[in-house]
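Chain A is already provided as a structure; the job is to place chain B on it using the hints.
Chains A and B supply the protein sequences, listed in that same order.
In terms of the working numbering, the first sequence opens at residue 1 and continues consecutively.
In terms of the working numbering, the second sequence opens at residue 1 and continues consecutively.
No lab work stands behind these hints: they were computed from the structure.
Where chains are identical, the list cannot tell them apart; a pair therefore holds if satisfied intra-copy or between any two copies.
Lysine to aspartate or glutamate pairs mimicking EDC-like chemistry, simulated, CA-CA at most 20 Å apart:
no.	residue 1	residue 2
1	K53	E69
2	K3	E119
3	K53	D87
4	K3	E36
5	K66	D86
6	K3	D30
7	K53	D86
Number of protein chains: 2
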Amino acid sequence: MFKNILETIVVNCSGGIGAVLMGYDGIGIDQYVIEEKTLDLNLVGIEYSNVTKEIAGAAEILNIGKLQEVSIKTEFYYVIIHALTDDYFVALMVERSGNYGQGRYLLMRESHALRLGLE
Amino acid sequence: MFKNILETIVVNCSGGIGAVLMGYDGIGIDQYVIEEKTLDLNLVGIEYSNVTKEIAGAAEILNIGKLQEVSIKTEFYYVIIHALTDDYFVALMVERSGNYGQGRYLLMRESHALRLGLE
Numbered sequence: 001m002f003k004n005i006l007e008t009i010v011v012n013c014s015g016g017i018g019a020v021l022m023g024y025d026g027i028g029i030d031q032y033v034i035e036e037k038t039l040d041l042n043l044v045g046i047e048y049s050n051v052t053k054e055i056a057g058a059a060e061i062l063n064i065g066k067l068q069e070v071s072i073k074t075e076f077y078y079v080i081i082h083a084l085t086d087d088y089f090v091a092l093m094v095e096r097s098g099n100y101g102q103g104r105y106l107l108m109r110e111s112h113a114l115r116l117g118l119e
Numbered sequence: 001m002f003k004n005i006l007e008t009i010v011v012n013c014s015g016g017i018g019a020v021l022m023g024y025d026g027i028g029i030d031q032y033v034i035e036e037k038t039l040d041l042n043l044v045g046i047e048y049s050n051v052t053k054e055i056a057g058a059a060e061i062l063n064i065g066k067l068q069e070v071s072i073k074t075e076f077y078y079v080i081i082h083a084l085t086d087d088y089f090v091a092l093m094v095e096r097s098g099n100y101g102q103g104r105y106l107l108m109r110e111s112h113a114l115r116l117g118l119e
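One chain only, chain A, in its complex shape (with noise of 0.2 Å):
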């Protein structure tokens, strides 16, 4: 079920080459990359989610409210990361000259599906 969630918001956007769904433990739960890639969207996944915990916890320390989504821009790529449980998120990876607002767009519009199937 969450591979065709996950495959929906990779092929809906525009340079989107991967998306996973992923505990803050770095233990992933299901994946989606178009075939041509050879990414090892796991490794991504699993560097990122220890960051991710640490800057919801520096979020609450700061008193600025929960973590909802953190965007990382590099020389090459887009990594979209949603929060979706206090346990679990999304990532999505997008290519530079992708679009990085309608991945932001659509993971939040596939977040409450993805909440709904981890209930």
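What follows is chain B alone, placed relative to chain A:
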């Protein structure tokens, strides 16, 4: 000199609260906060300097290119972190009702002047 640039960023961003120029070691160089706010921007910078360094390290491990920007969206605020040099970044805090896109643009526009000042 830095304060003027930080002020330009904050006052021109709808919902802009404050901006801080800081090292990844958590030592702030300068900051500008709009008068009516009692926000401890230095604390925000310190909390996020470390995670930004970790995100940059993760980007290196993943071979996805140099970190350029991190955007954090919480219940109440946007925090936009723009990497300037290997040692320094600028962070802008924007209210959730404010204009996130405008903030990103202003940080990018003024990053050149900030970099020049850091040389």
